[in-house]
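Peer 1: Sequence:
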Amino acid sequence: MISIEEALAVSQERITDCGSEIVMDFTDLIARGEDSGFSRKEVLVAISALTACELSSLPDVPRIH
Numbered sequence: 043m044i045s046i047e048e049a050l051a052v053s054q055e056r057i058t059d060c061g062s063e064i065v066m067d068f069t070d071l072i073a074r075g076e077d078s079g080f081s082r083k084e085v086l087v088a089i090s091a092l093t094a095c096e097l098s099s100l101p102d103v104p105r106i107h
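Letter by letter, the sequence shown follows residues 43 to 107 of our numbering.
Simulated from the structure, these hints should not be mistaken for laboratory data. As the structure is a computational prediction, the values presented were derived from the model and not from experiment. Certain hints may be false.
[To be verified] Per label pair, the in silico range of CB-to-CB distance: (1) I72 <-> C95: 29 to 39 Å; (2) D102 <-> G61: 17 to 27 Å; (3) F68 <-> L100: 13 to 23 Å; (4) S53 <-> G79: 32 to 42 Å; (5) I64 <-> S98: 14 to 24 Å; (6) V65 <-> L97: 14 to 24 Å; (7) E76 <-> D102: 32 to 42 Å; (8) A88 <-> V65: 12 to 22 Å; (9) D77 <-> Q54: 10 to 20 Å.
Virtual Cβ for every residue (Gly too), placed ideally from N, Cα, C.
Sequences and hints are given; from them, build the entire structure.
Peer 2: Spelled out as structure tokens, the structure:
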């Protein structure tokens, strides 16, 4: 039987695979922010803040192993 700790772990391989799937959308999102007049730094900080908010709403935030 899998432990709760193991169930909450996210493998680096899955994170890498996911990144490969979304990299174009991510790049496009940054470009749209820049096209709207924001600096790359502003866009990335905004994305980071939104990501932190999303992660904080998860009841069982996974960790990378």
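Peer 1: Please list, smallest to largest, the hint numbers that this structure does not respect.
Peer 2: 1 and 9
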